[in-house]
Amino acid sequence: MTLLIGALTLGTILALLAIGVYLSFRIFAIADITVDGSLTLGASVTGVLLIQGSLHPLLATGAGFLAGMVAGMVTGVLQTRFRINPLLSGILVMTALYSVNLRVMGRSNLPFLGATTLSTLCEQLGVRWLGGERIELFGWEVASGDVTVLLLMLLFVALVAILLWAFLKTDLGTAMRASGDNPQMVRAMGGNVEAFRVVGLALANGLVGLAGSLWAQYQNFADAQMGIGMVVWGLASVIIGEAMTGVAGVGLAITGAILGSILFRELVAIALSFGLNPNDLKLVTAAFVFVALVLPETLSRLSVQRPRGQQEVA
Amino acid sequence: MSPSTVMVRLGKASKTFHAGTVNEVRPLQNVDLEIAAGSFVIVLGGNGSGKSTLLNAIAGSFLLDSGQIELDGQNVTDWPEHKRAALIGRVFQNPFSGTAPNMTIAENFALATRRGLFRGLGWATSSQRMEELRDRVRDLKMGLENRLDTAIGSLSGGQRQALTLLMATWLKPRLLLLDEHTAALDPKSADQVIALTDQIIHRENLTTLMVTHSMQQAVNLGDRIVMMHKGRVLHDFDARKKRRLGTDDLLAIFENIRRRELLDEGAAEMLRQQYV
Chain C
0 MTLLIGALTL
10 GTILALLAIG
20 VYLSFRIFAI
30 ADITVDGSLT
40 LGASVTGVLL
50 IQGSLHPLLA
60 TGAGFLAGMV
70 AGMVTGVLQT
80 RFRINPLLSG
90 ILVMTALYSV
100 NLRVMGRSNL
110 PFLGATTLST
120 LCEQLGVRWL
130 GGERIELFGW
140 EVASGDVTVL
150 LLMLLFVALV
160 AILLWAFLKT
170 DLGTAMRASG
180 DNPQMVRAMG
190 GNVEAFRVVG
200 LALANGLVGL
210 AGSLWAQYQN
220 FADAQMGIGM
230 VVWGLASVII
240 GEAMTGVAGV
250 GLAITGAILG
260 SILFRELVAI
270 ALSFGLNPND
280 LKLVTAAFVF
290 VALVLPETLS
300 RLSVQRPRGQ
310 QEVA
Chain Y
0 MSPSTVMVRL
10 GKASKTFHAG
20 TVNEVRPLQN
30 VDLEIAAGSF
40 VIVLGGNGSG
50 KSTLLNAIAG
60 SFLLDSGQIE
70 LDGQNVTDWP
80 EHKRAALIGR
90 VFQNPFSGTA
100 PNMTIAENFA
110 LATRRGLFRG
120 LGWATSSQRM
130 EELRDRVRDL
140 KMGLENRLDT
150 AIGSLSGGQR
160 QALTLLMATW
170 LKPRLLLLDE
180 HTAALDPKSA
190 DQVIALTDQI
200 IHRENLTTLM
210 VTHSMQQAVN
220 LGDRIVMMHK
230 GRVLHDFDAR
240 KKRRLGTDDL
250 LAIFENIRRR
260 ELLDEGAAEM
270 LRQQYV
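Going line by line, the protein sequences match chains C and Y.
Per numbering that gives the first Met the number 0, numbering of the first sequence is gapless, rising by one per residue and ending at 313.
Per numbering that gives the first Met the number 0, numbering of the second sequence is gapless, rising by one per residue and ending at 275.
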C-alpha cells in the first residue's frame, strides 16, 4: 500500500511534467528536450534555496517554476530570434543546463537533509489533521503523512491544471494555441507568433521546473541526472492520456495528460515490482513511445491494404 | 488625387527573390501605385506576373528590397506583418491558410475580434461575443450558427472562405486583400463567396485589392483594373474605361501580352542575330 501511494504521488507530481510536454508537443508540435534540463533546474534551484537560503518551501518551489520558465524562454528565443532548428535549440539549452545545474548545486547530488520541504510541511499538516502518525485506509495501515502529501499534491496539480485551462481559453491563450495550429492565420490577425512561442515554451518549461522542484522535495534530494529522458517520459504520459480521454478540447487533453502520467507511473511501479531491471526503464519507455507513435498509422495502413473478401472473423 | 483620399501608396516598390542564382525572380520592379480610399481594385496578370507578390508586399509577408509603402497615410515599409494586420484584412487562395483548422469556429472568430489589438486575459469565447457571432454567421445562410463549437477544419472550402471573409472584415479593415480567394473552390461555392464579397465590400465601403484569374469576376466586380506583367503594372483601367471592357477585351489583351512574350524570348534573339 505504501508503494502504491508512493507511485501515485510521483505520478501526480510528474503530471506537471506531462502538462508541460503537452504544451510544447501538442500546441507547438515541438519535442522540446529542454525539459530534460529544466526539470533538474527546478529541482536544483529549489534545493539550494531551501538549504542555503533557508527559504520558505513555497517560495523555493515558486523559484523552481520561474527558473524553468527562464530556460524555456531561452529555447524560445533561440528558435524565433535566431531561427535555430527547434530540436537543436532544445539540445543546446539542455546541454548548457547540465553545467548550470552542477554550478547551482555545487555538486552532482544535493541531499535536502534537515531542510523543511513542501513534503515535510504536508506531512506535519497530515499528522495534525488526521491525529496520529498512522491511519487505517481501506483496511491497510498507512503513514498519515504519505496520504496527506498525495492528497495535497493532487489538489495542487488540479489547481494548476484549471489555471492553465483557463489561460488557454483567454484571448492570449487562444491566440497562442492558434499560432501552433496555423501561424500564417495568426499573423494575418495581428498576432506575434514568435512572441507566443516564447511565452508558450516558457510556460511549458516552468511547469516542468515545478515538477522537478516538487519531485526533489518529495524524494528529499536533487540530482544532476534526474532529468535525463524525462521528455520521453512526458511524451509517454501525454500519449497514454490521449488514448484515455481523446483530444477533443483543451480540457480533456490536460486531464488526459494528468491521468496518463499517474497511470504510466503506476505501470512502471508494477513492472519494477515484477522484476524489471531499473536500468532498462529508459529503453522500455522509449520503445513504448515509439510503438505508440507508429501504431495508429500502421493499423490504418493494414486495414486499408486488407484485400476485399477477407473480412475479420467476428 | 489629393493625399487625404489615398489609402495605399506604393513608391518604386521592388523585390527580388533568390538574387544572384539561376532561380532569380523579380516579381516587383519599381511599382508605383496609388489606391483611393473606398475603391475596389481588381488585379489581373498571368502566372509569375507579380500580382500575389504585390498583395504580400503590402501585407508585409516580406520586406521590400527598395521603395516604400504607405497605408492610410502611415509609412509601413518597415512594419512587420503582424503589426500591419491592424490595418489589413486578408483572405488567402488556400482555404486552409485563413483559419486554424483544429480550433472551433467560435475560437477562430475570437481571434478575429482582436485583430491588431492587445490580447489580454479576457475570456475568448464570452457569451456576448458568441451572441454577436451567431447573428452574423446566421446572415451567411449556411446553417453554421448552430455549429460554432465544431472544429473549423471539418468545414468545406467554401464555408471556410466565407467565414475567413467574415473574420477579415469583423473589425473594419482600412484595406482588404483578397488573393484569388475563390480559385480553389467549386463553381457554385465560388459564386456564393463572390456574392458575399461584393455585399460586404459595398456595405462597409471597403478599400479592396482583389487578385483573380477569372475574367468574369474582373468584368463584373470592382471599379478599377490593374494588369500586371513581369513585376510591372502594364495596364491601368479606371472606372470609366473599365465599364467598356468585356471579357473578350481582357482576353485579347492577354493574348497580346503572350504574343509579345513569344517574340521577346525566342524570336527576338533570332532577329538580333540576323539584323544586328
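Certain hints may be false.
[What the hints assert, rightly or not] Stretch by stretch, here's where chain C covers chain Y in the computed footprint (C-beta under 8 Å, at least three residues):
{"no.": "1", "segment": "33-39"}
{"no.": "2", "segment": "95-108"}
{"no.": "3", "segment": "112-120"}
[Claimed, not checked] Computed list of lysine-lysine pairs in BS3-like fashion (alpha-carbon distance at most 27 Å, straight line):
{"no.": "4", "chain 1": "Y", "residue 1": "K187", "chain 2": "Y", "residue 2": "K82"}
{"no.": "5", "chain 1": "Y", "residue 1": "K240", "chain 2": "Y", "residue 2": "K11"}
{"no.": "6", "chain 1": "Y", "residue 1": "K11", "chain 2": "Y", "residue 2": "K229"}
{"no.": "7", "chain 1": "Y", "residue 1": "K171", "chain 2": "C", "residue 2": "K168"}
{"no.": "8", "chain 1": "C", "residue 1": "K168", "chain 2": "Y", "residue 2": "K11"}
{"no.": "9", "chain 1": "Y", "residue 1": "K11", "chain 2": "Y", "residue 2": "K187"}
These aren't lab readings, by the way, just hints derived from the structure by calculation.
Don't be surprised by glycine CBs; every beta carbon is placed ideally from N, CA and C.
Does K168/C sit within 27 Å of K171/Y, going by the straight-line distance between their CA atoms? 25 Å, holds
If you draw a straight line from the CA of K240/Y to the CA of K11/Y, is it 27 Å or shorter? Within the cut-off at roughly 25 Å; holds.
Count residues of the segment 95-108 of chain Y with a Cβ under 8 Å from any Cβ of chain C, then say if the count reaches three. holds (count 10)
Does K187/Y sit within 27 Å of K11/Y, going by the straight-line distance between their CA atoms? 39 Å, violated
Given hint K11/Y paired with K168/C - CA-CA distance at most 27 Å: 44 Å, violated
Hinted pair K11/Y and K229/Y, Cα distance within 27 Å: 15 Å, holds
Tell me whether the statement that chain C covers the segment 112-120 of chain Y is true, taking a Cβ distance below 8 Å and needing three residues at minimum. Since three or more residues must qualify, the claim that chain C covers the segment 112-120 of chain Y holds, with 7 doing so at under 8 Å.
Coverage assertion for the segment 33-39 of chain Y with respect to chain C, Cβ distance below 8 Å, three residues required: violated (count 0)
With the threshold set at 27 Å, check whether the alpha-carbon distance from K187/Y to K82/Y stays at or below it. 35 Å, violated
Of the numbered hints given earlier, the model fails hints 1, 4, 8, 9; all others are met.
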